[in-house]
Amino acid sequence: MAVLVFADHDNTTLKDGTHKTVTAALALSSDVDVLVAGKGAGDVAKAAAGIAGVRKVLHAESDALGQGLAEAISGLIVPLMAGYDALLTPATSLGKSFSPRVAANLDVAQITEVVEVVDGSTFVRPIYAGNALETVQSSDAKKVITVRATNFKAAAEGGSATIETIDAGPGAGKTAFVDQQIVKSARPDLTAAKIVVSGGRAMGSAEEFQRVIDPLADKLGAAVGASRAAVDAGYAPNDYQVGQTGKVVAPDLYVAIGISGAIQHLAGMKDSKVIVAINKDGDAPIFQVADLGLVADYKTAVPELMDALTAAGK
Amino acid sequence: MKVLVPVKRVIDYNVKVRVKADQTGVDLANVKMAMNPFCEIAVEEAVRQKEKGTATEVVAVSIGPVQAQETLRTALAMGADRAILIQTDQDLEPLAVAKVLAAIVAEEAPDVVIMGKQAIDGDNNATGQMLSALLGWPQAAFASELVLAAGSAKVTREIDGGLQTVEVALPAVITADLRLNEPRYASLPNIMKAKKKPLDVKELSALGVDTVPRLKVLKVAEPPKRTGGVKVGSAAEIVSNLKSNGVI
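Protein sequences appear in the order of chains U and C. Under the working numbering, think of the first position of the first sequence as 1, with each following residue one higher. Under the working numbering, think of the first position of the second sequence as 1, with each following residue one higher.
Source of the hints: derived by calculation from the structure; they are not laboratory data. In this text the structure is predicted, and so the values were computed from the model without any measurement. Even glycine gets a Cβ: it sits at the ideal position worked out from N, Cα and C. Some hints could be false.
Stated by the list, open to error - Computed spacing ranges between beta-carbons, pair by pair:
{"hint": "1", "chain 1": "U", "residue 1": "ALA186", "chain 2": "C", "residue 2": "GLU237", "range": "28 to 36 Å"}
{"hint": "2", "chain 1": "C", "residue 1": "ALA21", "chain 2": "U", "residue 2": "LYS273", "range": "43 to 51 Å"}
{"hint": "3", "chain 1": "C", "residue 1": "LYS196", "chain 2": "U", "residue 2": "ASP167", "range": "54 to 62 Å"}
Unchecked claim - Heads up, simulated DSS-like pairs for lysine-lysine below, C-alpha to C-alpha not over 27 Å straight-line:
{"hint": "4", "chain 1": "U", "residue 1": "LYS46", "chain 2": "U", "residue 2": "LYS174"}
{"hint": "5", "chain 1": "U", "residue 1": "LYS153", "chain 2": "C", "residue 2": "LYS219"}
{"hint": "6", "chain 1": "C", "residue 1": "LYS216", "chain 2": "U", "residue 2": "LYS299"}
To be verified - Output of the computed footprint for chain U on chain C, the stretches with three or more beta carbons under 8 Å from beta carbons of chain U:
{"hint": "7", "stretch": "46-54"}
{"hint": "8", "stretch": "67-76"}
{"hint": "9", "stretch": "86-96"}
{"hint": "10", "stretch": "103-116"}
{"hint": "11", "stretch": "166-176"}
{"hint": "12", "stretch": "186-198"}
{"hint": "13", "stretch": "228-238"}
Model the full structure from these sequences, guided by the hints.
Okay, structure coming up:
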């Protein structure tokens, strides 16, 4: 059995989700190849070749691949699957956009957001926003799987796989790239950060959100997240959203400031190792999942937290 | 321009889901059902396109049990012109749904299919992309803005870390993300009017589509419960606790 892993990257840097997806792939087979599809992504291919356990890196280059157009990526992968028994893709927005196309073209099911590999055909995945876990057994000859990367450990560095340049495939067909706006941030990526500081609707305004949450995040070297309520109210941009309808995170430390803990938010962060919650409502559901809870107004508690961190040498 | 909008009947998003004691699935008995929220956004978008004059006809389609007629009536009350129910009691996987929708597209010949990016029961986020692949049409998944023109659509999409704009040639499949719009509540007069709009019912078996499941559900379990920890009295206690446990 041979497995192809789709590399998550931004054409410059290989993302951690790739290492985690390789771990899931190695649970299926020892023959794991990584596909780097991009534009000017030579460094990414080199980084992928350095992941321990990877047999070979396939590297394809074109504008449409670099732009992440689903038709171009699925068009590249479908013929490659003649040589593989499974395709594993990190469940990013990009992965979610092209992986089902590959499955449909191969006439197989997609197994979405796998959190556990039981055996070569049996997988566990969340349904109903993580309120239930479904164990499914696939009868398809080839498996097309997206992986919830936060549930797997990152594969180590230290590999020395060969890099093979391959043809870029048929292109994006009737879809044309117009432009894109990527939010630039000096902070770590939300889904890969070791610490996340999130703010909720209690902030009351975008200015207050930035005044309170940003300095605390910077002090901890953390990524900034937000509840859907805060995003809907316009206090934080949409890509900050942690939850069922936003990003799923599982950092070592999750700090929830002024977040009540709606089910949809909990679905996105309950796998964090340590959860700290500050909320003035002692009955807020966030305290049912928090390891450390402080019932207090964030307006006084966050400055105290900043001072205590300074005193602790942070 | 004709718009086809597939809609799904799911557990109402406000209902707390309970796993059955025998772990065969989720308890759906006597539970409030409603239109999948992302499907509502898709219906709203199609109706707005009609109100703008870019779309001329909005056809809603659902695949499901006889009760899915209620979901279709909701779509009609929001402004869809007519509805089709492909009736079955079988629970279809996304690939099978995409194949059934492809058969309906062949009959209806829409210029664009607008559908939700994901159903909140199975959370697969796959059917729209699969439909697009089966039809050989372009796709624009996770749309937050849609501008329809003759022969093409300009779509702003939610991507990792920001937004991307693409132009797709029509016909195409577009899947709706949360920010595309805020769906309206149907007014009482429109709910009354919807009862008189045409709703065709066809048996799934009549379509001759392969809907055999590819996945066997072995078990549906509750996720491990996270137990709350301690409440502390001050911010300093948080820091000392995190520090002594090596978290920071």
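Evaluated hints:
The hinted range of 28 to 36 Å is satisfied by U/ALA186 and C/GLU237, whose Cβ atoms lie roughly 30 Å apart. The beta-carbon spacing between C/ALA21 and U/LYS273, approximately 31 Å, falls outside the hinted interval of 43 to 51 Å. Range check, C/LYS196 to U/ASP167: about 57 Å between beta-carbon atoms, so the 54 to 62 Å window is met. Among the hinted pairs, U/LYS46 with U/LYS174 is inconsistent with the structure: their alpha-carbon atoms are about 32 Å apart, more than 27 Å.
Under the criterion of a C-alpha separation no larger than 27 Å, the hint pairing U/LYS153 with C/LYS219 is consistent with the structure, at around 25 Å. With a C-alpha separation of about 51 Å, the suggested pair C/LYS216 and U/LYS299 falls outside the 27 Å cut-off, and the hint is violated. Closer than 8 Å: that is the beta-carbon criterion, and the stretch 46-54 of chain C has 0 residues meeting it against chain U, so the requirement of 3 is violated. Under a criterion of three residues with beta carbons nearer than 8 Å to beta carbons of chain U, the stated coverage of the stretch 67-76 of chain C fails, only 0 such residues being counted.
Judged by the Cβ-Cβ criterion of 8 Å, the stretch 86-96 of chain C is covered by chain U as claimed, because 3 of its residues qualify and three suffice. Counting residues of the stretch 103-116 of chain C whose CB lies closer than 8 Å to any CB of chain U gives 0, so the stated coverage by that chain is violated, three being the minimum. For a cut-off of 8 Å, the count of residues in the stretch 166-176 of chain C with a CB near a CB of chain U stands at 5, and the three-residue condition holds. With a cut-off of 8 Å between beta carbons, the stretch 186-198 of chain C has 0 residues touching chain U; three or more are needed, and the interface restraint is violated.
Only residues whose beta carbon comes within less than 8 Å of a beta carbon in chain U count, and the stretch 228-238 of chain C has 11; three or more means the coverage holds.
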